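Participant: Spelled out, the chains give:
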Amino acid sequence: MGEIQVEAENKKYEPKIAAFLCNWCSYAGADLAGVGRVQYPATIRTIRVPCSGRINPLYVLKAMANGADGVLVSGCHPGDCHYISGNYVARRKFALIKSLLNHVGLEEDRISFSWVSAAEGIRFAEVVKGVTERVSALGPNNGIFKVDDGGAADE
Amino acid sequence: MNKIINDIRETARQLLAEGKVDVVIGYEKGSLPLKATPCFVHSPESVDLLIWDETCENNLAGYLAKTPGKKAIVAKGCDSRALAVLLQENQLVRDDLYIIGVSCHGVIDQRKIGAEVGEILEASINDGKISVKGMEGDKEYLFTELKDATCQTCRYPNPVIEDLHIGETIEVAQEAPAFADVTEMENKSNSERQEYFKEQMSKCIRCYACRNACPLCYCQECFVDCNSPKWLTGGVNRAENLFFQAGRVLHLAGRCVDCGACTRACPQGVDIRALNRKMTKDVYVMFNHESGISEEGKPALNEYSANDPEEQFLVKE
Numbered sequence: 001m002g003e004i005q006v007e008a009e010n011k012k013y014e015p016k017i018a019a020f021l022c023n024w025c026s027y028a029g030a031d032l033a034g035v036g037r038v039q040y041p042a043t044i045r046t047i048r049v050p051c052s053g054r055i056n057p058l059y060v061l062k063a064m065a066n067g068a069d070g071v072l073v074s075g076c077h078p079g080d081c082h083y084i085s086g087n088y089v090a091r092r093k094f095a096l097i098k099s100l101l102n103h104v105g106l107e108e109d110r111i112s113f114s115w116v117s118a119a120e121g122i123r124f125a126e127v128v129k130g131v132t133e134r135v136s137a138l139g140p141n142n143g144i145f146k147v148d149d150g151g152a153a154d155e
Numbered sequence: 001m002n003k004i005i006n007d008i009r010e011t012a013r014q015l016l017a018e019g020k021v022d023v024v025i026g027y028e029k030g031s032l033p034l035k036a037t038p039c040f041v042h043s044p045e046s047v048d049l050l051i052w053d054e055t056c057e058n059n060l061a062g063y064l065a066k067t068p069g070k071k072a073i074v075a076k077g078c079d080s081r082a083l084a085v086l087l088q089e090n091q092l093v094r095d096d097l098y099i100i101g102v103s104c105h106g107v108i109d110q111r112k113i114g115a116e117v118g119e120i121l122e123a124s125i126n127d128g129k130i131s132v133k134g135m136e137g138d139k140e141y142l143f144t145e146l147k148d149a150t151c152q153t154c155r156y157p158n159p160v161i162e163d164l165h166i167g168e169t170i171e172v173a174q175e176a177p178a179f180a181d182v183t184e185m186e187n188k189s190n191s192e193r194q195e196y197f198k199e200q201m202s203k204c205i206r207c208y209a210c211r212n213a214c215p216l217c218y219c220q221e222c223f224v225d226c227n228s229p230k231w232l233t234g235g236v237n238r239a240e241n242l243f244f245q246a247g248r249v250l251h252l253a254g255r256c257v258d259c260g261a262c263t264r265a266c267p268q269g270v271d272i273r274a275l276n277r278k279m280t281k282d283v284y285v286m287f288n289h290e291s292g293i294s295e296e297g298k299p300a301l302n303e304y305s306a307n308d309p310e311e312q313f314l315v316k317e
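Chains as they are written, first to last, in the numbering used here: chain A, 1 to 155; chain B, 1 to 317.
Since the hints were derived computationally from the structure, they do not count as laboratory data. Only a predicted model underlies this, so the values are computations on that prediction, with no experimental measurement involved. Among the hints, a few may not be true.
To be verified - Here are the computed lysine to aspartate or glutamate pairs in the EDC-like style, where the Cα-Cα straight-line distance is at most 20 Å: (1) A:146 - B:195; (2) A:129 - B:317; (3) B:316 - A:126; (4) B:3 - B:163; (5) B:198 - B:181; (6) B:316 - A:107; (7) B:29 - B:127.
To be verified - Here are a few chain B residues that sit away from chain A, every Cβ distance over 10 Å (derived from the structure): (8) 40; (9) 95; (10) 115; (11) 135; (12) 145.
Unchecked claim - Which stretches of chain B does chain A cover? Using the computed rule of at least three CB atoms under 8 Å from a CB of chain A, they are: (13) 184-193; (14) 276-283; (15) 297-309.
Beta carbons: idealized from backbone N, C-alpha and C, even for Gly.
With the rest of the complex left out, here is chain B (with noise of 0.2 Å):
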């Protein structure tokens, strides 16, 4: 049995049974093969559903807003992020919170997997090395391969923000983030770019599946719900998603932390992650800013400096 499993389900055991916390909430075995699901955890006795693995891909912290009581939570990385945001944002009580933090090695990309093997119908993980058998044929592999794009470059594994941490810590060079991938989008022509997010924004069909996945999306009427002003139509056509897509991106502007919830979860494959890590960029580039590192501070928009850029947006006279 796995240490760290084991670890998560005695402190849930502790937590519920002392009457810290109503609820703990973490993973549990998905019905579908490579996926775990999120696990509301209420009695002593259930805790030995909880599981912790490289599927455990959902970021739970979006959970704890609609979750009413005390609660605890399994956190990597980049779910206390996301905490440390909606803390800097009011919308969590600190006191209500017990963060169980666990480092992360990241999580699987099972687009991946799907792409040359086709459906995937049983699979295992064993020692970094996962044999999937698919529709289409079978295939072993190991994990690096299959680590999702954002966590190929984290660079918070272990939780910023926690009450208790289990298993051991990831090392990390704490360089500066790199951009690698937005600078290769930049480096591209504006009809080369166009092109791209056009082909892209084709492939939306608006479920809406990465606002509700987010953990930052929490607006109580979305805009894309509202009525008045009726700022889309309903229709699904690309031009309209790009809007939904660019009004998302530019709400979570200096607050996203880049745990790739969106992207995981839409169906179509659309990269939204892109825009968002152009944002990210941006935000760090010019106001020398990360979002979600510590309980303290603001979202980046919400503060400003006299000596902000603004030479790249200003009208040429």
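So that you can see chain A by itself, here it is in the shape it has in the complex (with noise of 0.2 Å):
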């Protein structure tokens, strides 16, 4: 008993990330860092979608209510749209869904928003550490989305 408790303790907080990847550019980038064997943290869910076009607001809304420490979303850079005008598209909801959720008091780091291409797998490892750390400092989802929290704790 007092050994499965000290591992719990030592055992370090690893957080979820959903983490919405295009799939003509950081979806690649993902398996190329993969195919190229560069360490990334085992934090992200990887969610395909074919284009950052595609993510809708409610995606992140949910992935927060369902208990997702963190969301990352990313596409191929600006320009570079496989669908050519998609990401510029998304781009202007991404502002505002960042600008909105932290208005209302959503920690800033929890979602976070890249552009990485599909020779970038480095890079994609890079950004996955970055996003990882950030999200572990800032502990579990516990946050104003969190369904199962309900706003129960504070009536």
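Dock chain to chain to rebuild the complex, using the hints, since each chain is given by itself in its own frame.
Facilitator: This is the structure:
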């Protein structure tokens, strides 16, 4: 019994991060990182989307509601979109999502957006490392969107 | 008899008699004091129901798509902006529409009265003065004291699109939009803002009155009603309330015309406008875009520019 407790205490907190990656760039970038055996923390849960323009703001909210500690959204660099303008359209949306969620009091580092191309395997690993560090620093998500918290705690 | 009301009735009578429209959508006296209610006039005989005053608070633009046939609508500034957005989004056929524009001095915020004199039993409006008999006392107000928050900073009291204008137009200093309310909120600390919105969201009972009152919430199936994927469980708790409000506000980003219909419709007094205003400010500052100011153009999130700002949201490396 004692041993298990010690083990649990020693176990470092590992955040769970929902990573929405665009099929053509960031997903391929993540793949390249894997093929090149570049190490990065196993904190992300990859969800492949056809384009960063496919990201519905509700995806981000739902991930937070279901208990993800962080959300990472990544697509092609502006100008490189497989569908010409998907990420340009997404860019406006991302700016507003981030701004609104910070406004209602969500920690800034919980939600990250980045552009990673199919050639940037090493950079992808760096991005994940950075995001993991910042989310770890915030600790587990018991934030304003998490549903099982339900807001009952402070009533 | 008020000249504006007279002109509205006369116009409606003519339009219906000549068969130019099948229905005129306007306001009639409601069953509660200081509350006008939407009115659908189908025959020239009933045009005398139509009224116009400071209690005409509903945004009628939302009824158009649900009303078949050719229709005329009595539109104030914000109604016309909602119409412009609906036209931009191809939700309405311009040829089926006759817009009777009326300049608006603002509408009454009932909540302010209710907070002081309780339930309103009787009320009369005379020359910018409003005398109210309430459950807990009587009081006389100046209209300027009771103006709705959104009307106090209104920059479009005159309709932006119209086929006919009734009454005088209102002079406005066409200065850049002011966002003092949003800035005040932004200057608070993260935790203060979080507390504020937690408190607001605890009040919400998710009756969706805000969504139903909104002229631009026209999705066939709202995400809150969707079963697959099931975005929300249907239980009312603070976290899901915020999910709903944030989701709705993001749907309205770059489209909201700040008519205040959602906030006035809310039975719980949730400060929904605080969220919408934040988005309106961001869209204006980041993309230099104001929604619904002309029939042409697109909503802000339907277009893009190669120079859109991205420093604020991109991950720091």
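Participant: Against the 20 Å threshold, does the CA-CA distance of residue 129 of chain A and residue 317 of chain B hold or violate the hint?
Facilitator: holds (10 Å)
Participant: Are all C-beta atoms of chain A more than 10 Å from that of residue 115 of chain B?
Facilitator: holds (24 Å)
Participant: Verify the proposed pairing of residue 29 of chain B with residue 127 of chain B, using a straight-line Cα cut of 20 Å.
Facilitator: holds (18 Å)
Participant: Taking a Cβ-Cβ distance under 8 Å as contact, does the region 297-309 of chain B have three or more residues in contact with chain A?
Facilitator: holds (count 8)
Participant: For the pair we were handed, residue 146 of chain A and residue 195 of chain B, check the Cα-Cα distance against 20 Å.
Facilitator: Holds - the C-alpha atoms of residue 195 of chain B and residue 146 of chain A are around 15 Å apart, at most 20 Å.
Participant: Verify the proposed pairing of residue 316 of chain B with residue 107 of chain A, using a straight-line Cα cut of 20 Å.
Facilitator: holds (15 Å)
Participant: Taking the shortest Cβ-to-Cβ distance between residue 95 of chain B and chain A, state whether it exceeds 10 Å.
Facilitator: holds (30 Å)
Participant: Measuring Cβ to Cβ, find out whether residue 40 of chain B lies farther than 10 Å from everything in chain A.
Facilitator: It holds; residue 40 of chain B is separated from chain A by about 35 Å at its closest Cβ, greater than 10 Å.
Participant: Mind verifying the non-interface call on residue 145 of chain B? Its CB should be farther than 10 Å from each CB in chain A.
Facilitator: Holds, because the least Cβ-Cβ distance between residue 145 of chain B and chain A comes to about 30 Å, which exceeds 10 Å.
Participant: Against chain A, does the region 184-193 of chain B show at least 3 residues with beta-carbon separation below 8 Å?
Facilitator: Coverage by chain A holds here, the residue count being 5 at a Cβ distance below 8 Å.
Participant: Taking 10 Å as the cut and beta carbons as the points, is residue 135 of chain B off the interface with chain A?
Facilitator: holds (29 Å)
Participant: Does residue 181 of chain B sit within 20 Å of residue 198 of chain B, going by the straight-line distance between their CA atoms?
Facilitator: holds (18 Å)
In this structure, none of the earlier numbered hints is contradicted; all agree with it.
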